[in-house]
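Peer 1: Sequence:
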Amino acid sequence: MSAPRLLRCFVWAALALSCASAFANNLNFLKDTPISYMKPPDRQALNRAAQQALESNKDGETTKWSNEGTGNPVHIDGTVTPRDTTSNGGDRCRQVTLVAVAKGQTQTWTPTACKSASGEWRIKRK
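Residue numbers (the numbering used here): 16 to 141.
Treat the hints as calculated values from the structure; they're not laboratory data. Don't take every hint at face value.
Cross-link-like lysine to aspartate or glutamate pairs, in silico, DMTMM-like; alpha carbons within 20 Å at most [said to hold, decoys possible]:
| # | residue 1 | residue 2 |
| --- | --- | --- |
| 1 | K139 | D99 |
| 2 | K79 | D106 |
| 3 | K73 | D47 |
| 4 | K139 | D74 |
| 5 | K79 | D99 |
| 6 | K141 | D92 |
| 7 | K130 | E70 |
| 8 | K130 | E76 |
| 9 | K118 | D47 |
| 10 | K118 | D92 |
| 11 | K73 | E135 |
| 12 | K130 | E83 |
| 13 | K79 | D92 |
| 14 | K54 | D92 |
| 15 | K139 | D106 |
| 16 | K130 | D106 |
| 17 | K130 | D99 |
| 18 | K118 | E83 |
| 19 | K141 | D106 |
| 20 | K139 | E83 |
| 21 | K54 | E83 |
Simulated restraints, written as ranges between beta carbons of each label pair [to be verified]:
| # | residue 1 | residue 2 | range |
| --- | --- | --- | --- |
| 22 | A132 | T48 | 11 to 21 Å |
| 23 | K139 | P88 | 29 to 39 Å |
| 24 | S51 | E83 | 18 to 28 Å |
The model shown is predicted, which means the values in this text are computed figures rather than measured ones. Where is the CB? At the ideal position from N, CA and C, for every residue including glycine.
Please model the complete structure; the sequences and the hints are all you need to start from.
Peer 2: Structure follows, in structure tokens:
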């Protein structure tokens, strides 16, 4: 392999590694946030609470949830509050505020969920 081609390969490899490293460093802002402590059973507990609240709660009515009984040693609790219900041609959508609190840190998400044909609420993609 020629020297210029070898150098080009090294440059591309270095760029690829630095990009991967930079991407990983960009996720450091999530360290010690509630989502970083969530295990699959915790996410399932949050999803169950969200499904129930989206189906049953009035706009602005809050449901509490926690990860009690999931086996996670980090206690996580929070709330689910649907708001701003809209209907468009049979599609029912609601904005929902999801709050999680763990180890003194609070994290809030505000996605829009729409009811699917199967009857399940799903996060609307933008």
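Peer 1: Checking each numbered hint in turn, tell me which of them this model violates, lowest number first.
Peer 2: The structure breaks hints 2, 3, 6, 12, 20, 22; every other hint is satisfied.
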